[in-house]
Amino acid sequence: MENQNIEQEVMLTKEDFASDQVVKWCPGCGDHAILKAVQDIFPKLGKKKEDIVVVSGIGCSSRFPYYMNTYGFHSIHGRAAAAATGVKLANPNLSVWMITGDGDCTAIGGNHFIHACRRNIDINLILFNNRIYGMTKGQFSPCTFRGTKTKTSPQGTYEDPFNPGELAIGAKATFFARGVDINPKELSEIFWESYKHDGIAVTEVLQNCMIFSNGVHENITGKDVRDDMQVKCVHGQPLIFGKNRDKGIRLNGNQLEVVKIGENGITEKDILVHDKTTEDTGIHMMLAHMMPPHFPVAIGVIRDVKAPTFNDSLDQVIENEKANSKIHCMDDLLNSGSTWTID
Amino acid sequence: MTAKSKVVALEHVVIRFSGDSGDGMQLTGNLFSDSTAFAGNDFATFPDYPAEIRPPQGTVAGVSGFQVHFGHKPVHTTGDLCDVLVAMNPASIKANMRWLRPGTIIIFDSDSVTDKALEKAGYADDPTVDGTLADYQVVKAPISELTKEALKDFGMDNKSMLKSKNMFALGIVMYLFNRELDTVYKYFETKFKGKDQVIKANRTVLDAGYHYADTWELFTNTYRVEAADLEKGKYRNITGNTAAAWGLMAASEKSGRPLFLGSYPITPATDILAELTKYKNLNVKAYQAEDEIAGIMSSIGAAYTGCMAVTTTSGPGLSLKSEAMGLAVMTELPLVIIDVQRGGPSTGLPTKMEQSDLMQALYGRNGDAPLVVIAARSSAGCFYTAYEAARIAMEHMTPVIMLSDGSLGNGSEVFRIPKMADLPSITPPLAKANDPDYMPYRRDEKWLRREWAIPGTPGLRHRVGGLEKENGKGNLSTNPENHQIMTELREEKINRVANDIPLQEIYGDKNADLLVVSWGGTYGTVRTAVEGLMEEGKSIAHAHFDYIMPLPRNTEEVLKGHKKIVVCEINRGQFAKYLRMNFPEYKCEQFNKVMGLPFTIGELEAKFNDLLK
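Which chain is which? The protein sequence lines are A and B, in order.
Take the first sequence: its position 129, counted from the start at 1, is 129 in the working numbering, and no numbers get skipped.
Just so we're on the same page, the working numbering is the position in the second sequence counted from 1, plus 343.
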């Protein structure tokens, strides 16, 4: 016990959360930055190390738990959300982080993903979206753009992709954020917001796979385009972007549009002010939907609304039942109701 | 009791209440069971209702039945051929012809015979007059009309009055078996508390049926089954699925590990989920997941987090859970998987019993993925089998499959209520907080199990998963020698469970000419058939296996020394194949049936006699 006290009194640093395992992702992979962002924020959560569990599915991203010095569970393909749900329900005091990829989460794990969103189970779900199957070496995923040539689509795909934000919000997720792998500081901020949110918190990270989809996010993250192709969603602030901060998102009728401040009489007052807390999914859905070339991509916390969590609701029912029941143990139950005695 | 007829004592009786789905036969059967308990008999019951929720009225498909087997001697089965059939319409006769024996008493509502009813049942003529039922004692009573007559002063409409006709039929049966009506009165008083008119109406119809049987001398004899010589104690009636749920809860309380169930509705296993959702007062977390895979995966997550975790399903669901079961094998976590088997393959016969998931339970996973398989032998026995499954899972850090079946799950039996203090202890190998030497795959020498290090415990942070791990340290390892070691360890760990289970019992002479082997839910019928032939002086013995993987360590001695061995099971010979594989030197004959029905005692006796020739 002595050891434990010493351990907890000392301020934790990111080194405390790095495991002794060699990180085996490819050099230059976006996963490294996401790992760093998570290791950066964990010491600041105020949670004991033993009260954090990282759960993953299968794929490159899902090796994540092995690199974190926390409790960790590397499950099977697509099923991380179900496993994470079990962990959280078993012990709601734990901070549960789920790591998944676009294939793991939106293909084989699609069912568990939408139901985790719908139930509002209190887990932090980080979806690494590189729009490809990396570990199996380059097949298209449900997030691969139409027409992309891959190992299993030599003529280009002939199906349209999911947008994970639309999928999550459509499935009633109470939190959705988006970040890019090359901005770990911003990711750490998003993960902090995710941690603070009660309920499912889905963060999509646009992550580059050097090998199989290199540059897939270049039109969003490239140095020369990023200011014009990313709009930072800050609650209560107008959605202004651009190298010269002269562009904005305006709600025109029932649609969003990109406008230039100073042109055609448009002022800052015309720009849509971001409200992450509005329960209606309409504008959040439209923000999540925005894509180049006609729109910048929305970055930051797009949706963060309050709703009862599944785990709290279950615990409340349990507390009520315990308080109102005359049966307190198995002997009570076994002897309850219709019984008879043979002497 | 003013019985004018002669009272005949019987050892045991099978009675089946049968009618259209809306005729209230389940309630009638349950009320008769209650009075059977009160009479001190041993008994077992089985509901037999259609898979459809509202099947076409009056048809054979719409017949709903409830069978009660009660006796003066121990009752092992829910019974097969009936001594008494209560048939509320022609379709009920048609549907139950298979279950009649020469001399069966058929109590029939003669008012139900109309051209339309006969046509719906598929009869050209009234079967009670055209000779169809010549081998049986048909007792025709105008049950519908007499019910209306009894209720004529109650100011009820026709439809409401007819709803009580099942109570008239029950009154007749109560008379036939010389039963007191008090237990039924008591039920009315509890059920319809505050509705005096309803209580009075039901009593009136019940009494009318009873007196009608008496006054009209419907039967030449009436019957009495003396109280059974049951062990002293407190008893209740329990279904297999409820017993399984309670066994799990008992194991949770005993071990101190909270119960988590992740499950998905599937016939005939759903009742375990439904039962466990009731007991949030006892801290049970029963979670209805989005599919079968989420059911087991949430349970595995909960097992990792220190719960006594369970998933419940039937055959098709077990198929879906295969990959996740492999994960539980690999991560060496305790997990109970209950498979309430039904007819397969695919959707098969959802409401009928079968024992055909055995091979799937034993081997239905990728890789060499051994786990423990045990089987329930009776409805009440499901309590102890579930308890034992949980004990082995937690004490040996392994998934355990418990095989039940639709007949056990839905059937009910007399259950002697145990005291929690008398149940065996359950002590999982919990890792100690801040143990400086803790390693995820460190094992104890005796059982080769790893420790359970639960998230939230200081100083034990570790990672597990489906990838192969280095023995001891638990880091990822693709080392060839390590995989050999780990595969062998996983196998040996399961084999050593044999040292923690009872020896296989043999009922009868250990050198009997014929050894009858069975497993799972066929226990009752097989044991009854063997007992019958033993009483005739035949050289026969019975070995019923509750533990299948691993087999009890004396299995070979049990198989030794017989002229013949026959393995009886409701599949095409899966346990027989398993025994041949493990003990190739013994010749195992097979007796199999796959009709979605249990064995009958008669067909077993015929087979055994044939083998003994």
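Take the hints with a grain of salt, since some may be wrong.
As the list claims (entries may be wrong) - Derived DEER-like restraints, expressed as beta-carbon distance ranges: (1) A:Ala307 with B:Glu574: 52 to 60 Å; (2) B:Gly599 with A:Gly46: 28 to 36 Å; (3) B:Leu773 with A:Val234: 41 to 49 Å; (4) A:Thr339 with B:Lys416: 16 to 24 Å; (5) A:Lys196 with B:Gly599: 44 to 52 Å; (6) B:Glu560 with A:Val317: 52 to 60 Å; (7) A:Val317 with B:Asp852: 35 to 43 Å; (8) A:Asp16 with B:Gly599: 51 to 59 Å; (9) B:Gly691 with A:Glu279: 43 to 51 Å; (10) A:Ala307 with B:Asn925: 31 to 39 Å.
What the hints assert, rightly or not - Computed list of lysine-lysine pairs in BS3-like fashion (alpha-carbon distance at most 30 Å, straight line): (11) B:Lys623 with A:Lys196; (12) B:Lys816 with A:Lys47; (13) B:Lys538 with B:Lys416; (14) B:Lys762 with A:Lys326.
Derived from the structure by calculation, the hints contain no laboratory data.
Using N, Cα and C, we set each Cβ at its ideal position, and we do this for glycine too.
Status of each hint after checking the structure:
no. : hint                               : in the structure
1   : A:Ala307 with B:Glu574: 52 to 60 Å : 54 Å, holds
2   : B:Gly599 with A:Gly46: 28 to 36 Å  : 29 Å, holds
3   : B:Leu773 with A:Val234: 41 to 49 Å : 47 Å, holds
4   : A:Thr339 with B:Lys416: 16 to 24 Å : 22 Å, holds
5   : A:Lys196 with B:Gly599: 44 to 52 Å : 34 Å, violated
6   : B:Glu560 with A:Val317: 52 to 60 Å : 58 Å, holds
7   : A:Val317 with B:Asp852: 35 to 43 Å : 56 Å, violated
8   : A:Asp16 with B:Gly599: 51 to 59 Å  : 31 Å, violated
9   : B:Gly691 with A:Glu279: 43 to 51 Å : 46 Å, holds
10  : A:Ala307 with B:Asn925: 31 to 39 Å : 55 Å, violated
11  : B:Lys623 with A:Lys196             : 28 Å, holds
12  : B:Lys816 with A:Lys47              : 26 Å, holds
13  : B:Lys538 with B:Lys416             : 40 Å, violated
14  : B:Lys762 with A:Lys326             : 18 Å, holds
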